[in-house]
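Novice: Based on the provided sequences and hints, a complete structural model is requested.
Chains as they are written, first to last, in my numbering: chain F, 1 to 267; chain B, 1001 to 1257.
Just so you know, the hints here were simulated from the structure itself, not pulled from any lab data. Keep in mind it's a predicted model, so treat the numbers as computed, not measured. Yeah, the Cβ is synthetic: ideal placement off N, Cα and C, and Gly gets one too. No incorrect hints appear here.
Partial pick of chain F residues on the chain B-facing surface, computed with a CB cut under 10 Å:
| # | residue |
| --- | --- |
| 1 | 60 |
| 2 | 134 |
| 3 | 150 |
If we take Cβ atoms under 8 Å as the criterion, some of the chain F residues that face chain B in the derived model are:
| # | residue |
| --- | --- |
| 4 | 93 |
| 5 | 146 |
| 6 | 162 |
If you want the footprint, here are the derived chain B segments under chain F, 3+ residues with CB under 8 Å:
| # | stretch |
| --- | --- |
| 7 | 1069 to 1082 |
| 8 | 1114 to 1127 |
| 9 | 1139 to 1153 |
The residues making up each chain are set out below.
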Amino acid sequence: MSRKKLIAIGCSFTRYRGQGIDDIPVWPTLLSEKLDMECVNLGRPGMGNEYISAKLIDTILSEKKEDIGLVVLMWSGWQRMDFEDTNDNWVKLRPSPSPGTVTSIIAKSLPEILSDQHKPEAFLNIQNYETMLMLNNIMLKCNNAHNATMKSLRHFLIAQKLLEDIPYLMVQGIRPVYLDEFIERKSKHIWLQSFLNSKIFDEIDEKKFIGWPIMQEVGGHTVEDILNKIDPEQKELRISKDDTHPNAEGHKIMSQEIYNAYEKIYT
Amino acid sequence: MRWSFQNYIMLKSSRKKLIAIGCSFTEHYLNNPMSPDFDHNFPRWPQHLADKLDMECVNLGQCGVGNKYILSKIVDTVLTEKNIGLVVLMWSEWMRQDFQDPANAWYSFHPHRDNSETEKYPIDSKSRNSILQYNNIYDVTMKSLRHFLITQMLLKDIPYLMIQGTNPLQNMNEKTAFKLVIAAMVESKIFNEINPDQFIGWPILKQIGGYTVGDILNKIDPEQKELRISKDDTHPNAEGHKIMSQEIYNAYEKVYL
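Specialist: Below, the structure is given as structure tokens:
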């Protein structure tokens, strides 16, 4: 009898492809071994929650329910914007409040995209820094923290409804929005209120959403928080000081955390 | 029993609700800068349909919005409304992007047309073209197909109908764009999952046997003189909305009566 499938969907915290370190065993591989399931890793570096939702739909349509052992969604940054080109090529837009980051989008993204087999045309045509800056500023206003939060809450609820008859777990991987750095205290308070007061907030099944309600300020946690609790200086569980993706040891901890939640609910 | 205001309120609240979601083809707006001298205060299709079905009309249409707004409103509605008789979704242009501000107000951005004079955050043509490279025809086609499927899945236990209101994409007459959209739709796994009984006019595009609300109106009024506001403002007029409601009612009868 063939093994059931573990379907993992997320960003670079789920499938890591960094500077020459491609082969670290990531949490989906480790978890599938623990569960004796076949690993289907649909993670893609740089992607946001729109991508995760899209891949979830593809999975539901292409996989037989009885073949799925578990779906794990590791949600990404809420302000990331994902766009699709033909043949499953996805491009990303990451509005950032820091002009320095905008520069780095141009400097870093092109080689990254070229090496990443993403279709480069969309980026190659945006070579003018001022155009990029304006695009960034507009998208930052449009896709503000509140918009991104409401959008992500709806992604969570839709995923929960679509997975009603399939074993699943969710967890927030990276920090959802960069509140401390980019949002003033007063705005942060308003933002948290809108998060808590949303009608969707109470609909999320917290047993299946590890770390719900995500934000430490309201008693939740992300994967990053789990790692930082063990390794506050980010020396032991991260690739490096400049690349704070989880390393092999970090992925072991992540897979164990998800396994513990699986055991509680499904065994 | 004497008829009182209280009886009226009780009767009203006990009726099932017709939830209508869409763009300017759905909203009961009173002003439109495209035709400032026209009296826009006439019943729209949701009101006609609610009257026919003896339901309470909840019109969640909003001018200018796209399909992200429509899907979001479905998620919010399914959570908040208890006494739903029918949900009707009139899908909008696929290129539109919708955003929500901290006061929960929605605003939309149409990257494919120069609306800079009325946009909340005006954008120059260079940036507009850049956005179109992200928000390309393939991307918006796939996003809309997913919106249709998610809606169908979310509403599996609630009576619903869908229809495409406006033309889904501009430049549809351009051969390459048209070919790309057809290929994206037909090759997608989602295409065959859509229930054609509940999606009026599926698969939307005339070239593959579908139609939109615009096509329904144009079939009766090819010169767009009888069923539209004016030559410059081609939104359906009062007569157009009657025809739209009848079309949806006919589909409702087939599926649910």
